[in-house]
Amino acid sequence: TQLLEQSPQFLSIQEGENLTVYCNSSSVFSSLQWYRQEPGEGPVLLVTVVTGGEVKKLKRLTFQFGDARKDSSLHITAAQPGDTGLYLCAGDPNDYKLSFGAGTTVTVRA
Amino acid sequence: GAGVSQSPSNKVTEKGKDVELRCDPISGHTALYWYRQRLGQGLEFLIYFQGNSAPDKSGLPSDRFSAERTGESVSTLTIQRTQQEDSAVYLCASSLVSGQGREQYFGPGTRLTVT
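Just so you know, the protein sequences line up as chains Y and A, in that order. Reminder that position 92 of the first sequence reads as 92 in our numbering, one-by-one numbering, no gaps. The number in our numbering is simply the position in the second sequence, starting from 1, with 110 added.
Be aware that one or more of the hints could be misleading.
What the hints assert, rightly or not - Computed from the model, here is a short list of chain Y residues facing chain A with C-beta under 8 Å:
no., residue
1, Tyr22
2, Glu41
3, Gly42
4, Leu45
5, Leu46
6, Gly82
7, Gly85
8, Lys97
9, Leu98
10, Gly101
11, Ala102
12, Gly103
Claimed, not checked - Here are the in silico distance ranges between beta carbons for each label pair:
no., chain 1, residue 1, chain 2, residue 2, range
13, Y, Gly16, A, Ser183, 24 to 34 Å
14, Y, His75, A, Gly150, 15 to 25 Å
15, A, Gln190, Y, Val55, 40 to 50 Å
16, Y, Phe10, A, Val122, 25 to 35 Å
17, Y, Gly16, A, Val122, 37 to 47 Å
18, Y, Gly82, A, Pro171, 47 to 57 Å
19, A, Gly181, Y, Ser26, 32 to 42 Å
Calculated from the structure, these hints are not laboratory results. A virtual CB, placed ideally from N, CA and C, is assigned to each residue, including glycine.
Please model the complete structure; the sequences and the hints are all you need to start from.
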């Protein structure tokens, strides 16, 4: 059983469209992180959210942390082929041991 | 500067053989983590090293798995008597310090295939 549930598992969209990826849990986290992983590489950190209700923007990516600090979302505006990858959310229920979701595979078609 | 490196990048072994995977963390990073990633799944925590403290081995799936780290440098993950279910990508990560929201820097992983 995953501590963090991500949805959808797969997402395929056309360039220019918007998309949202969700990360949900019944547990409260002190912070949540979002990573992107490309084939043959390790995950790369995109953002860390720490305050309930927090919204962070990274160019066309918008990250939101739920008020209760149990869920998060990643929204991509006007997706580009370079956004293709596996998006992983991760939370730290304790001080150092990250718990990862299963990931959402995003494919942006040109 | 150099990132986290792992070797080998790919390893194919026969069932029952032992394998050793290596991780070189970023210089100065006191924390080091090993994860396993099965196809289509997220990362599964295996073990955590922090400086000279006793490692957290709570994620190791069986006593066939062990890991060592010398000081704040290289770490090796050893899998004895490999089984087919051990096939996965093994990822290593390091970070400056442990604590809330600290960034982990990942290596490219070692893809292990047990035939």
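Subject >> Violated constraints from the hint list, given by number and in increasing order >> reply: 1, 5, 6, 7, 13 and 18
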